[in-house]
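*Asks:* Below, each chain spelled out in residue letters.
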Amino acid sequence: MALRELASLEKYLGLKKPNKYSTQGDKKVPVLQNNNAPPLVGLVTIACHLVKEAKRPELLGDGAEGRAVVQQWLEYRVTKLDSHTEDTKSILKDLNLYMQDKVYLAGNQLTLADVLMYYGIHSVILDLAVQEKEQYVNVARWFDHIQHHPGVRHHLPPVVVLRNRLYTSRHH
Amino acid sequence: MELFVSEGNPHCLKVLAALKVTGVQCGVQFVNHEGKVVPFLPCPAVPTLFLPSGQHLFSSNTICRYLFELNGPESSDQCNQWLEWEATILQPALLRALHLAVLQGKGSEVPKVLQGPLNVLDQSLAKGSTAYLTGEAVSVADVVLWGALHPVLSVSSLALSDHKSVKAWSDRVAAVRGCQSAAQKVLQGKGLEAMKSYMQKQPAPQSRDTQPCNGSPAETDEGERAVSEEEMEAAALIWSKDLNACSHPAEKQHPVMPQEGNRNVLITSALPYVNNVPHLGNIIGCVLSADVFSRYGQLRGWNVLFVCGTDEYGTATENKAREEGLTPQQICDKYHAVHSSIYKWFQIDFDFFGRTTTEKQTEIAQDIFWRLHKNGFLVEDTVEQLRCENCQRFLADRFVEGTCPHCSYPEARGDQCDKCGRLINAVELREPQCKVCRQTPEIRSSKHLFLDLPKLETQLENWLERSTSSGDWTANAKQITRSWLRDGLKPRCITRDLQWGTPVPHPDFKEKVFYVWFDAPIGYLSITANYTNEWEKWWKNPHQVELYNFMAKDNVPFHSVVFPCSLLGAQDNYTLVSHLIATEYLNYEDTKFSKSRGVGVFGDMAKDTGIPSDVWRFYLLYVRPEGQDSAFSWADMALKNNSELLNNLGNFINRGGMFVTKFFGGCVPAMELQQEDKKLLAVVGWELQQYIQLMDKVKIRDALKHILNISRHGNQYIQVNEPWKKIKGGESERQRAGTVTGVSVNIACLLSVMLLPYMPAVSQTIRDQLNAPQTCINTMLQGPGTFVCALRAGHRIGTVSPLFQKLEADQIEALKKRFGGQQITASTQPAAVPAPPVVAEVKVVDGSDPEKAKQLAEAVAEQGDKVRALKSQKAEKAVITAEVSKLLDLKKQLALAEGKSPEPAPQKGKKK
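Sequence lines, in order, name chains A and B.
For the first sequence, the UniProt record's numbering begins at 1 and goes up steadily by one.
For the second sequence, the UniProt record's numbering begins at 1 and goes up steadily by one.
Errors might be hidden in some of the hints.
[As the list claims (entries may be wrong)] No more than 30 Å apart at the CA atoms, straight line, and that leaves these computed lysine-lysine pairs for DSSO-like: (1) B:K607 with B:K806; (2) B:K164 with A:K20; (3) B:K201 with A:K89; (4) A:K28 with B:K886; (5) B:K886 with A:K89; (6) A:K80 with B:K196; (7) B:K871 with B:K662; (8) A:K27 with B:K127; (9) B:K866 with A:K17; (10) A:K28 with A:K89; (11) B:K164 with A:K27; (12) B:K320 with B:K419; (13) A:K28 with B:K877; (14) A:K93 with B:K478; (15) A:K27 with B:K877; (16) B:K697 with A:K80; (17) B:K877 with A:K89; (18) A:K27 with B:K419; (19) B:K886 with A:K80; (20) B:K112 with A:K27.
Keep in mind the hints are simulated off the structure, nothing from the lab.
A quick note: this is a predicted structure, and the numbers were derived from the prediction, not measured.
With the hints as extra help, turn the sequences into a complete structure.
*Replies:* Given below as structure tokens:
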């Protein structure tokens, strides 16, 4: 799964030569085989490395503070979201509260945090009932926004997030 | 910039060390573990760094990295890699280790847990030639890893000193200025003990990656749970045990009385109000949930009494009687029968279903009243009320209309103005009118009695403290109760100027009756008294009896505050509630159930749908609003019936039975357990344990998922072993087919027992088909769960036939149309539906939406490919069916977006 994410990320970043990857351990941690340097291990580490390689530093946030916020959500993605011990409902609840006044996870533009969170949360959103999507409306709004960002979606099917029919009664 | 930390929190160690090592200037505040720091996280997240920009950093590694980057270069890939490893690999192991050492006193198991990560670190340090992890200077990676490991490495008794390179490195980092003092601040020199209170607040780590049981894991893919050798052997041992021959299936002997030495469980379900036909929300909230728990309790061998009845007194009944030209008593008789028959159809197995209009009710209510009076908990006060001379009665709020004193709206109701929404006291209305005869009522003052709740508050709080901490109160019940107490209690009027009620026995208050909230909960006692004369053995026996109250959340305050106050004040050793189980609300499709608008399914209509009662029960329990509101949806009901009941559960049970019939002449074949079979037994045993743990805590919806997991495992097992092929093979292959078949029918037998509380009829049908001994019922759910081989080799089974039927799409569409009502009426939209946020993406769609249609067309194409791929790979039938139904749903949405109409178009004429 992580490998598909990385392949999609490479495409999004416009990297021409695909890198070679393998995985490590039961958790299938991705490993990037580097020709002239030691291999890199871990989804976030590799993703950040790819971003630097593509010379897109803005995807990692502006300044020390901006970078910290991006890193924080990347860490959240691989610790909370991927842990399977955390209750997905409480993750959605937290994110929903956080996203209340935000368009992107960090700062005012798309960052790597949005992209990886989107990849990671896709299966969760896919399984939500319509009513639940409505309950986590801020997450749903953000999700829909990211999945329509040019070039991000790649390996994942689009999810119909907001069924407008739900609201018909209020618009008349 | 401000840093929030707490003592005894291992994550704070790194952060404080990083602060010292980098020398960044920053205020530090110590808070306790519950302190709420980050506004968007409900649970406290310490350490937290409050940035000058107003943002919060709540992850310790990110804080450390930020502190290092403030005065230095960006951290290298290598540093990042160590930080990620620390967060994803080391931390889960450390959490487990600390849990073992600090809370369970199993320090000896720590080395095993930490061995893997420590080896990785040790080898990496040994291979590198530098003093620190990423070079000759201390980096953020060193500080973070050292901070994480220091608490365990510094305890010699944990025997972690085998890793020599780690030890040397750790000593070097510890010598860096600031590290030791940070450790001192967090651990206070107390070592691991210092972390006790922090660890107690952490959720227990799961030893393996298990799927959390939330939402609908049924739809997420199953993570393989690793099963240890010991678990397999233990499961195989239990499997070989005998059925509980001695204890007979507990046929209830009425009247059920508390027994010495047994767990005596008294279950009540909120009394439904007699003049309404209950809707599905009422049924799942009260009677059905209580019924499941009562049946489960019996399987567990508890001594259970389950009572309920109709609540019959009050204005609404009087009014209904007037409408239908009957006496209130006739109305009650009529509707009591309606209720009874609905619950009977839903197979609600009350031990007694009574009513509140009985002599016992008068007797007991008056007794409690006199006790409260004698003990000085009743106070008198005068209330101004409107009285209609023409109708010869005081008017309840809902029987008055007039002009709103605030906005002059002419049709304001006695309690609230529909136009300005303000609450109104009926006597403030200008030009009030009696709604029945349109005469002008006059204001009369009338004397009433009040229950002095403030005087009982301390007693109540003491009792609540005990009951909520020792019993299983749902979170919403605790929260609602707390908010009532926080707002302060006020005296509550217990008398009304009505005729239809329990008469107040006090001579100064003749002609009055008890207010229904005072009266109704006493119904639990009087209904029990109508069941047995020795009712006091249940209701005045708090030491032997545990009382469970089931209700929807709107009823909580009356059961947790008001009624307990009545009983506490009466001072007669009453049994108060030990476990208060409140559900949230069940919505209908995307709106609320509403009788007046004809929206939703009501109890009496459910049986006309042709869908069996057991399937109704299953679906309602599957969407039980446990922890959050949920919704009934026809499409979802069909989906769950077809995917879960038909393709998963029913399919598995049917397959096992069919194999026995077809391949083994109807007799269970001999079983030679191999590793794979034992593994399955262990997995099934684990699911059974989870089921029991959840059910004991009345998590009915969550427990159901584990039943479905078992049949999912079973289907996989059959799929992998292909007994239908092996039966045609050689001797050993045929034997393998026999084992797989035998194990499968035995799992089916276990499933029938686990299903009993949910689907009693189906459960019995399964046992009939398998010809299973009734003793299996009270064997399997004993202790933590005992999955024994109930159908031994040679056992002859009965006739096997399919358990469930498919619900077809057109059938469901027809039902949806039939019960849809006129829900597109904007003005009466309930407040419970959250207001739609105004965001750009939400467009008003009436009919077609080309852009969305394009998207959906893409989605349909993709989903179509997926289904074809699955079919060509010969994937599991259940999987394919689930994907196909997703495809159908997408197609439906597409049709909608294209302006075609797969379902009744919104009724445009009704719009405002």
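*Asks:* Work down the list of hints and note, for each, if the structure agrees.
*Replies:* These are the hints, each one checked on the structure:
no., hint, verdict
1, B:K607 with B:K806, "17 Å, holds"
2, B:K164 with A:K20, "34 Å, violated"
3, B:K201 with A:K89, "19 Å, holds"
4, A:K28 with B:K886, "29 Å, holds"
5, B:K886 with A:K89, "22 Å, holds"
6, A:K80 with B:K196, "23 Å, holds"
7, B:K871 with B:K662, "27 Å, holds"
8, A:K27 with B:K127, "24 Å, holds"
9, B:K866 with A:K17, "28 Å, holds"
10, A:K28 with A:K89, "25 Å, holds"
11, B:K164 with A:K27, "27 Å, holds"
12, B:K320 with B:K419, "27 Å, holds"
13, A:K28 with B:K877, "28 Å, holds"
14, A:K93 with B:K478, "20 Å, holds"
15, A:K27 with B:K877, "28 Å, holds"
16, B:K697 with A:K80, "26 Å, holds"
17, B:K877 with A:K89, "29 Å, holds"
18, A:K27 with B:K419, "60 Å, violated"
19, B:K886 with A:K80, "28 Å, holds"
20, B:K112 with A:K27, "18 Å, holds"
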